[in-house]
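2 protein chains.
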Amino acid sequence: MQDILFDFISKYVSLTEEEKNAIVSLDIFRSVKKGTTLLKEGQKSKESYFVLKGCIRTYYVLDGEEKTTAFYTEMEALTPPCVISKTPSEYYVSCIEDNILLVSNSDMEVEVNAKFPKFDIMCKTLSEELLAKERMDFDEFKTSSPEQRYLNLLQKRPDLIQRVPQHQLASYLGIQPQSLSRLRARIVEKSKE
Amino acid sequence: MQDILFDFISKYVSLTEEEKNAIVSLDIFRSVKKGTTLLKEGQKSKESYFVLKGCIRTYYVLDGEEKTTAFYTEMEALTPPCVISKTPSEYYVSCIEDNILLVSNSDMEVEVNAKFPKFDIMCKTLSEELLAKERMDFDEFKTSSPEQRYLNLLQKRPDLIQRVPQHQLASYLGIQPQSLSRLRARIVEKSKE
DNA sequence: TTCGTTTCTTAACTTAAGTGAACGATTCTA
DNA sequence: TAGAATCGTTCACTTAAGTTAAGAAACGAA
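In order, the protein sequence lines correspond to chains A and B.
Heads up: the first sequence at position 67 corresponds to 101 in the working numbering, and the numbers run straight through without jumps.
Heads up: the second sequence at position 192 corresponds to 226 in the working numbering, and the numbers run straight through without jumps.
No lab work stands behind these hints: they were computed from the structure.
Watch out, some of these pointers could steer you wrong.
As the list claims (entries may be wrong) - If the Cβ cut is set under 8 angstroms, some of the chain A residues that face chain B in the computed set are:
1. TYR94
2. VAL95
3. LEU96
4. ASP97
5. ILE118
6. LYS120
7. THR121
8. SER123
9. VAL137
10. LYS158
11. GLU162
12. PRO180
Cβ atoms here follow ideal geometry from the backbone N, Cα and C, with glycine treated the same way.
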């Protein structure tokens, strides 16, 4: 399981055995059961998550309704905004499946970075990449209709549609569950013609 | 004008006079006329922009239509995704107003960072912050209606509504120009009641 | 200044999303 | 296992956005 992490890191920097051992000795691998809430609205947190196996989601509760805005699966990392801004969280983070996560603490990162400056470089590269990706995703969302967004998702992350409940997918697409149902029926209808 | 830049940088790291001089000597300040296109679709580029004065926008051309997805004004920075991914740009970047920009080149940054490691730290912090902000903006977009988005913009960036053409604002809000007109009329109508 | 283009608004019509309700099917839990 | 809650779908109705078209206003270039 650690190999997944080191494969990932190797895309950014190359690690010595010593460095790998240092990471392993931090004891940051954690198994988390489906349904577990990792972060609640109003909480403060210093934790970032890297998904080795499973799927986590972020959601807001607005007018008593859950609004799911993102999913993180294998090889994806989440640092909640509240960790960066050091303010109480505006959203929840919870586990859609049984997960194996890498949980890091921002205090710990300071230490690790002091020891291995390489890590700062990796974090910089990684967040620049993630920012570019996030902007492209946002642009794509803005410039397409709910139906196009669903078809896009079908192309780009077909696994999500299988492993995630429909009503969570719906808010991820920016619509109501009923609209997603209808839209799917419409697509099937079109494909019959 | 340089002071704006150093004020900005001072929020992340403190610079010595030597370091400030090194930056000034890079000669990266540039005046750019309204209407200038800084980046075209299909082009490769290594340039990032920091707006000291003015406003730039990013837009796609889809089916012959311009789709504006972002505006960058004073104290905001843009590194186009194509600079990160090293692939041809998917969008255009152009100047809405006469601008004073700081234009940096990714090759140059490597040099500067080698000389002043401080810069890597700043870039890391900055992109982490921007990523967190981008995600929150995206979340807000997903969870609100076009009308709510417009009202939000009115709160958060009222200047944009003044300085940017309506049809560009419309696609920024993810709707057609006619819908923005109608929506504005609707809001005025409501406020009369 | 004038002509042409772009921009903004309005209107009528079409299409799709929001809403509220109902109904099985599935899942959870006591 | 029985009962309750959740989930996905469908329907009818409402509301708002997309589309097409037209006209007025603002802007730019010759």
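A quick look at each hint next to the structure:
1. TYR94: holds, 6 angstroms
2. VAL95: violated, 11 angstroms
3. LEU96: holds, 6 angstroms
4. ASP97: violated, 10 angstroms
5. ILE118: Holds, because the Cβ-Cβ distance from A:ILE118 to chain B comes to roughly 4 angstroms (cut-off 8 angstroms).
6. LYS120: violated, 11 angstroms
7. THR121: violated, 11 angstroms
8. SER123: violated, 11 angstroms
9. VAL137: violated, 17 angstroms
10. LYS158: Check passed: Cβ of A:LYS158 comes within 4 angstroms of chain B, closer than 8 angstroms.
11. GLU162: Constraint on A:GLU162 satisfied, holds at 5 angstroms.
12. PRO180: Given a least distance of 11 angstroms, the restraint on A:PRO180 is violated.
Of the numbered hints listed earlier, those contradicted by the structure are 2, 4, 6, 7, 8, 9 and 12.
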